[in-house]
Each structure stands twice: as structure tokens, then as C-alpha cells.
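Sequences listed follow chains A, B and C, in order. Here the first sequence stands for residues 1 to 124, where the numbers follow my numbering. Here the second sequence stands for residues 1001 to 1201, where the numbers follow my numbering. Here the third sequence stands for residues 2001 to 2375, where the numbers follow my numbering.
Treat each hint with caution, since some may be false.
What the hints assert, rightly or not - Pairwise CB distance ranges (calculated): (1) B:1147 x A:112: 28 to 38 Å; (2) B:1073 x C:2052: 45 to 55 Å; (3) C:2047 x B:1185: 56 to 66 Å; (4) C:2014 x A:91: 14 to 24 Å; (5) C:2012 x B:1147: 46 to 56 Å; (6) B:1073 x A:100: 32 to 42 Å; (7) B:1108 x C:2012: 34 to 44 Å; (8) C:2014 x B:1101: 45 to 55 Å; (9) C:2320 x A:35: 19 to 29 Å; (10) A:57 x C:2018: 46 to 56 Å; (11) B:1188 x C:2339: 52 to 62 Å.
Keep in mind the hints are simulated off the structure, nothing from the lab. The beta-carbon is built from N, C-alpha and C at its ideal position, and this holds for glycine as well.
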Amino acid sequence: MKDYLPILIVFIFVLGFAVTNIVLSHVIGRRKDTRAKLMPYECGMDPVGSAHQRFSVKFYLVAMLFILFDIEAIFLLPWAVVFRSLITTLSRSFVFIEMMAFIAVLFVGYVYVWKKGLFEWTRG
Amino acid sequence: MEIIHLLFLAFAALAVVAAFNVILQRNPIYSAIGLIVVLCSLAALFLTLNAQFIAAIQIIVYAGAIMVLFVFVIMLLNVREEEARTDRQKYLKLLAVPLFVALLAEVVVVIRYVNATPPAIPNPNTVSDPATSLGTVESLARGMFTDYVLPFEATSVLILMAIVGAMYLARRESPAEVERIEQALAADSAAETGADGSPHA
Amino acid sequence: MSSVLNSIDIQYVLGSLIKIALFWVFIMITVAYMVYAERRVLAVMQNRLGPNRVGWQGLLQPFADLIKFIFKEDIIPLSVNKVLYIVAPVVVLVPAMMVLIVYPFGPRSAPLPGGEMLSNMLNNLGNSLGYDWALDLRHVNLFVTNFNVGLLYIFALTSLGVYGIVIAGWASNSKYSLLGGLRSSAQMISYELALSLSVVAILIPAGTLDLVKIVEGQGGTWFGFIPKWNVLALFPAGIIAFIVYLISAIAETNRVPFDLPEAETELVAGFHTEYSALKFALFFMAEYVNMTTVSVLAAAVFLGGWQGPLVGSYPWLGFVWFIAKVFFFLFLYIWLRGTLPRFRYDQLMNFGWKILLPAALVNIVLAAVLGVIFL
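Could you build the full structure based on these sequences and the hints that come with them?
If you want it as C-alpha cells, here you go:
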């Protein structure tokens, strides 16, 4: 487990650096507030309406599909790692076919999503 | 007690504190951030238990993918701070108590009566073959792609179902349906504006 | 409590800390001069001079910029969510920089010049403080640490970097910031898929997720003259994987031609529009550190990392090879920026989902077929 200890060390180190920067900027930088400075930037105009509006449902769909394909990638990574050692101990076709079946099923899903038009970003 | 136990306790405490933050915050975005902290400290817990692969997956899938969706939804649906309003479903609060007790009892039972011998954690000071040592990608993958092929293949079908489900959720409603929903929403917002006097712009 | 203290390997902790600090300084200098190089090279490409006033040929420009950042006014607009607004730059920078512990800068146990003297000095110091130290610094590993899930560690931290951007965009409460943050995060998660899937094809010949071991596996040559780099393994699967990786890496770091999140002609500066002074500098740093990280991965996973001629006899030469490869990719970023126009957003999303993702998947199948035949 010793090899993992530097994760904690580097976390503390980098966090310290980042926080120092934030504090430094706050302490050293001169502050002179004016009305225009404290407004959100909108090309020199007074902001119109709220910035928080509703957005296309596609963003959620992209996030959802990302989860699903990410999980697929998570299964593929360990398979690729042991591929070399498994084909010497098991039958070659078994190692190959078990993952091809997995990819094939998900490819059906991918084609379905494509046909449903999710990747047509310009269509509403 | 060794440093690794201390780290375990520290991250466990962090997880619990962050979990309380999730349920006690009124602003949903703070709750979501609390949940991300919970998931990250769980990953750290896995790491102290020598489950390296699971720890990485915990971050990649839960903190890095699923929570992104949560945060997207909260930010983009413009969910506002939850207001202190009278609960419509009071019985849910009462239900929480017995459910919590049941869960607690379950944990106690598991700890007391299930005495499986924990697998020996390899000595960190000796370099061992990753294929045979516990918790590595290699040992996990070997199990998954030899002894547990069927559950693994079943997972692909599960993901496929999820894909179809996601697409169904986002399907385009028929015009009549859209009108019905819009009317319902308008009625709802009118009722809320009347209730607390301030319009939800 | 004392048993806890005893269980901590102080030598190891201190050693890691010193290495982290050294490599961190190296990365910071790289980042600073990357910015300078970008300005100069772009200037040459556009037939102008670029910054050449501060110091000889403008070489002190990064320090002038740093001083400027420190003394700039730290504006916090009134409409922002103050806590999240301040936290966001930290959330972006910390995961970006945490990656440096697995950078494989060079081979294991390279001889350290003056290492014997240094270890004697430190041991004497430790003994005089009452510790029983037996440091041996005659040979050092040219990386901080390596572990079984090194590559996943990088992927995990990259996936956490999204939050800082989303939070910054949302907390700023400005239209440009929100749009930029949203675009940026949707783009990052879309290309993250192609990025991790492209690496899968390479893992089939490499057989490990440990970056140091991946590089070690690429030593030697085929037929005596072709280097055994993964990019050439299982030909042509390695090359396809490399191309897919490179494209998605550039998109993942939001750079030209995929720099839509900060398309200045439409979004001002994207998610960091409302940031100034050192907070802005943190975003800037994180972007360049991320560029370094994907370049490091490209060099280590595909192009043999520190492997190269004469590394066997002179381990420190490995460090030079590695840095040369990384700098090549960093130069590529600048070159692309001087050359290519920007994608349109729908083109960008279509490209990621319709071309790169299936290409990466098909390439995995190809690599598996070739692997079954040849490995």
C-alpha cells in the first residue's frame, strides 16, 4: 500500500499551493469596487435577464450516455490488461468471443441511439 | 494502530460528515458536492482496504460520471434553494425512523454473526505478482473473465436496457401531451405563487 | 499515538515530498515557458514578433506575467455564489496537478551524481536528530511512485476536473460563463470516452495499467531497428489508437481546433469570464498542466516514454528522451493553434460521438483479432 501514500502527500501539497494562491490574491491585490466591475460581464451592457436558464435536454442525454459507455470502457480496460496472459492459459477464442459478445450487445445500443437521432445535435 | 488504520478512520469520518451535509443542506448544489466528497472518501476507504481497482472505479464511474449528471440536472433545471414549506407527506418522516433502525440492526447482525475470514492482505513491503495478489486489476479481471463470465455478459444486456430507457425518458412528447404538461405546470406555478406570495421568476 | 508515528516511514514520506516538490517545480517551469513559447511561436507563424522585451528575447516574460497576476485586482462580482466561485479554481487545479506523481520521467534506479555524499550527509543529520536513518541515495527512481492502477488514477483525476469547470460556470452567474462551462463539460465527457477506449487497444499488447511497467515493456527493437513502441504494436491498431487518442486528448483539454468552451468571438472567455488575478491564473495553469498530462500519456503509453538509444548505459538520457517526446506534443498544440480554424459545436459533438467513439471501438476489435493471431 506504500506506493499509494504519495497520493495523499501530493494532494496536501497541491491543495496548499492552490489555497495560498487564492489567499495571496485576496491579500495583495488592490480592491476598488465600482458598480460596473461588480456586474456580470455582458459586453458592456447591463445584464439582461437571469443567467440561469433551462437548456436543451440533449446535455442530460449526453451525460447519461456517457455514464453507460464509461461503464463499458471500465469493463474493457481490465479485459485488455489480462488479454495477453489469459490467451496463454485459456483457449484463445474464448477470451476473444466473450468480449466480442459484450461489445456486440452494446453496439446494438449505440446504433439504436444513433437511429433515434441523439447525435444530430442541431435537431431540437 | 498503524497509519493505515488512522487513515481509514479519518476518511470514514469524512464520509459520514459529508453524508450529513448531503441531507442537511437546503441548496441542492451543496448537497451534490457533499455527495461527491462522500464518494471520494469511499474511494479512499477502498484504497486503505487494498481494493485499488475498485477505488479507481469508484471515482471514475460514481464521482466522475454519475455525479456529473446530477450536477448537470441541478444546474440546468435551475433548481432553487429548497424552501421550508409544510411537508405534504408527513408519514414519510415517521417511516424513516423504523427504516433506519432496521438498517442499523442489519449492520449489527452482519458484523456479529457473519464471520467469514477476511482474505489476507498482502504484506505491503514485499513485491508480489500482481496476477495473484489481492485487489489488483489483474486478479479482478482474471476472476471476471473466467469464473464469472455469465454475470459479466449479463451486464451488457443491463447497460443496453439502460440505454433504451434513457432514450425513452427523453423522447419527444406528442403535441397533445405537451399541452397537457404545460397546463399542469402553469397551474402548479400559479398555486405556488399564491402560497408564498413571491413569484418564481 | 506513538505506534502510529512509528508506522510512518518518515524516510519514504520525506523522499516522496522532495521528489514531488522537484517535479512540481519542473512542471511549473514547463508551463510558464510553454505559455511564452506559444506566444513566440504563434507570433512567428503570424509574421510578427511576440513578447521580446522583458529580458533577452523576452525570456523573463513569464515572471513578469506572474508578478502582474499577483498584483491584479481580485474582483468578486456581486451576483456570484461566493463560496463556489472561490472554490472552483482550486477544484480545477488540484486534480490536474495531483497527476504528476505517476509521470514516468525516467527509469528505475538511475545513479544520482553525488548521491553517496548526500546520503551520508542526510544520515548524519538524521542520526544527530535521534533517528536511525540508513538512506541510500546512490540510485534513485526517476518518478515519484508507480502502482497497479496508474493509468486509471490519471483517468479518475481527469474526470474530477470537470467539476471545477461546471462549478465555475454556474457560480459566476453570467451567461457566458454558464454556456462556456456547460459546453466545456459536455465536450470533455464526450471525448473522455474516446480517450479511454483508444488506450484499451494499446493495453492488449502492454498488459498492465502501471505506467512505469508500460514504458519498461517498450524497450528493445523489432528486427534490430524498429523501436518496440506501442504505437507500432499490432500494426495498424496501434497507429489508429494513437490518432484517436491524440484527437480526443486535444478535445479533452479544450484546445484548438476544439476550443469552443472559450471561443472568444462568441463566449468572451468561457467559464472563466468573471475571474481575475491569481484565480484566473489557476485556471490557466490547470489548462497547461492538463496539456502536459495528456502529452506525458502520449509519450509514455504510445511512444515508449523514456526508451531510446543508449538508455541502458546512461539512465539519465531516458529523462532527456522522455522530455523531448513530451515537448514535441506540446509544440504540436501550438502548431495546431497556429494552423487550424475552430469547429462548430454540432460538428464537434458529431465528430466525437459518430466518428471517434466507433473508430475506437472498432479498433479494439481489430487489436483483439491481431492479438489472438500474433501474441
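A quick look at each hint next to the structure:
no., hint, in the structure
1, B:1147 x A:112: 28 to 38 Å, "31 Å, holds"
2, B:1073 x C:2052: 45 to 55 Å, "50 Å, holds"
3, C:2047 x B:1185: 56 to 66 Å, "58 Å, holds"
4, C:2014 x A:91: 14 to 24 Å, "50 Å, violated"
5, C:2012 x B:1147: 46 to 56 Å, "37 Å, violated"
6, B:1073 x A:100: 32 to 42 Å, "35 Å, holds"
7, B:1108 x C:2012: 34 to 44 Å, "39 Å, holds"
8, C:2014 x B:1101: 45 to 55 Å, "48 Å, holds"
9, C:2320 x A:35: 19 to 29 Å, "55 Å, violated"
10, A:57 x C:2018: 46 to 56 Å, "51 Å, holds"
11, B:1188 x C:2339: 52 to 62 Å, "53 Å, holds"
When each numbered hint is compared with the structure, violations occur for hints 4, 5 and 9.
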